[in-house]
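Chain A is fixed; fit chain B onto it per the hints.
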Amino acid sequence: MERKTIRKWFWVWEFDKEEQWLNTMAQSGWVLDSVGFCKYNFVKCEPGEYTVRLEMHDPDDEYIAFMEETGAEYIGRMVKWIFFRKKALDGPFEIFSDIDSRISQLDKISKLTASLGFANLAIGLANSFNPVTNVGWVNLIVCAVLMYGLGRIHSKKEVLEKERMVRE
Amino acid sequence: MNENIALTESTYYILLSLYRPQHGYGIMQQTEQLSGGRIRLAAGTLYGALNSLTEKGWIVPLPVQEESRKKEYKLTETGLVVLKNELARLQQLVENGRQVLEEEL
Chain A
1 MERKTIRKWF
11 WVWEFDKEEQ
21 WLNTMAQSGW
31 VLDSVGFCKY
41 NFVKCEPGEY
51 TVRLEMHDPD
61 DEYIAFMEET
71 GAEYIGRMVK
81 WIFFRKKALD
91 GPFEIFSDID
101 SRISQLDKIS
111 KLTASLGFAN
121 LAIGLANSFN
131 PVTNVGWVNL
141 IVCAVLMYGL
151 GRIHSKKEVL
161 EKERMVRE
Chain B
169 MNENIALTES
179 TYYILLSLYR
189 PQHGYGIMQQ
199 TEQLSGGRIR
209 LAAGTLYGAL
219 NSLTEKGWIV
229 PLPVQEESRK
239 KEYKLTETGL
249 VVLKNELARL
259 QQLVENGRQV
269 LEEEL
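Chain order of the listed sequences is A and B.
Position one of the first sequence corresponds to residue 1 (this note's numbering), numbered consecutively onward.
Position one of the second sequence corresponds to residue 169 (this note's numbering), numbered consecutively onward.
Just so you know, the hints here were simulated from the structure itself, not pulled from any lab data.
On a predicted model such as this, the values are computed, not experimentally measured, just so you know.
Careful, some of the hints might be misleading.
[Claimed, not checked] Now the in silico label distances, taken between C-beta atoms and shown as ranges:
1) B:Q260 x A:G29: 50 to 56 Å
2) A:D61 x B:N253: 33 to 39 Å
3) A:W9 x B:V249: 49 to 55 Å
4) B:L230 x A:E73: 25 to 31 Å
5) A:C38 x B:Q233: 39 to 45 Å
6) B:K252 x A:G76: 42 to 48 Å
7) B:E263 x A:Y148: 48 to 54 Å
8) B:N264 x A:E73: 42 to 48 Å
9) A:W9 x B:R257: 45 to 51 Å
[Said to hold, decoys possible] Mimicking EDC-like on lysine to aspartate or glutamate, the simulated pairs with C-alpha atoms at most 20 Å apart in a straight line are:
10) A:K87 x A:E46
11) B:K239 x A:E69
12) B:K224 x A:D100
13) A:K162 x B:E177
14) B:K239 x A:E68
15) B:K239 x A:D60
16) B:K238 x A:E62
17) B:K239 x A:D61
18) B:K238 x A:D60
19) A:K87 x A:E18
20) B:K242 x A:E62
21) B:K238 x A:E68
22) B:K239 x A:E73
23) B:K239 x A:E62
24) A:K87 x A:E19
25) B:K238 x A:D61
26) B:K242 x A:E69
27) A:K80 x A:D107
28) A:K39 x A:E19
29) B:K238 x A:E69
30) A:K80 x A:D60
31) A:K86 x B:E200
32) A:K157 x A:E55
33) B:K238 x A:E73
Just so you know, even glycine gets a beta-carbon here, dropped at the ideal spot from N, CA and C.
Chain A on its own, in the form it takes in the complex (with noise of 0.2 Å):
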């Protein structure tokens, strides 16, 4: 079977942007197959045969089985990502269906930028004022670009938050 592997790098709160990608190839015939540390490995399909989704969610074996008892195939983890596909025909795929899930998703995500962009900030604080290892600033930026983030995907939650308000 025809495969390709791509090289790609998202930060974390462009899990959206990866998803459209990823639909994207799948729409030109190449779905997900198996996923690396920024690498997506590809196999050739019919174009629009697949529809893949992606989620932040802690290993747990008994939701894989669970999301596959509905007819989504796992495929694979990449650190806290998970990714699943399920053919077009058996209808549509989507992994939260109201207001409150996706804002718990987003909850999480941000969850996990904030430790970062934290960890980030201890560690560059720490070397920058280590005369041996002058690299901190590079932690220091990289806090910096996750705490944009921090602020974007707040701001995809307080849409959401709006939204809930009226409706459900």
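Here is chain B on its own, set in the frame of chain A:
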């Protein structure tokens, strides 16, 4: 805890589906059928809801049969009370709507 609050539509249909024991996929199918195809519970949302409803004691997982790995759930006594209260609340909503909009309907 105040049990006098509105259930979400997802919660309502999940509880309703569990009046008889049912596994996850069954709940999704039944909800879609009952709502005439309007509500499609997504698996991630359903999984989260099943866990929190179990925590609340409104539903309970049944012991897993050896052969099938599918976990079934059913409504508890508390869950039934919650569901009945919700039904009464919804009936009131409908009645009020009908009364006010009498001329429009």
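Checking one constraint from the list: CA of B:K224 to CA of A:D100, max 20 Å. Satisfied?
Holds, because 17 Å separates the two Cα atoms, which is no more than 20 Å.
Holds or violated: 25 to 31 Å for the Cβ distance of B:L230 and A:E73?
With Cβ atoms ~27 Å apart, the hint holds.
So if I understand the rule, the pair passes when the alpha-carbon distance is 20 Å or less; does A:K80 with A:D60 pass?
11 Å, holds
Range hint 49 to 55 Å (beta carbons of A:W9 and B:V249) holds or violated
Check passed, 52 Å falls within 49 to 55 Å.
Between B:K242 and A:E62, does the CA-CA distance stay at or below 20 Å?
18 Å, holds
Given the hint of 45 to 51 Å, is the C-beta distance from A:W9 to B:R257 inside that range or not?
50 Å, holds
CA of B:K238 to CA of A:E73, is that 20 Å or under?
The given pair, whose Cα atoms are some 16 Å apart, holds under the 20 Å limit.
Distance restraint between A:K39 and A:E19, which requires alpha-carbon spacing of 20 Å or less
Status holds; Cα separation ~14 Å.
20 Å Cα cutoff - pair A:K87, A:E18
19 Å, holds
Quick one, are B:K239 and A:E73 close enough, alpha carbons at most 20 Å?
Judged against 20 Å, a Cα distance of about 18 Å means the pair holds.
Checking one constraint from the list: CA of A:K87 to CA of A:E46, max 20 Å. Satisfied?
Holds - the C-alpha atoms of A:E46 and A:K87 are around 10 Å apart, at most 20 Å.
Hint check for B:Q233 and A:C38 - Cβ pair distance inside 39 to 45 Å:
Holds - the Cβ-Cβ distance for A:C38 and B:Q233, about 42 Å, lies within 39 to 45 Å.
The structure agrees with every numbered hint stated previously.
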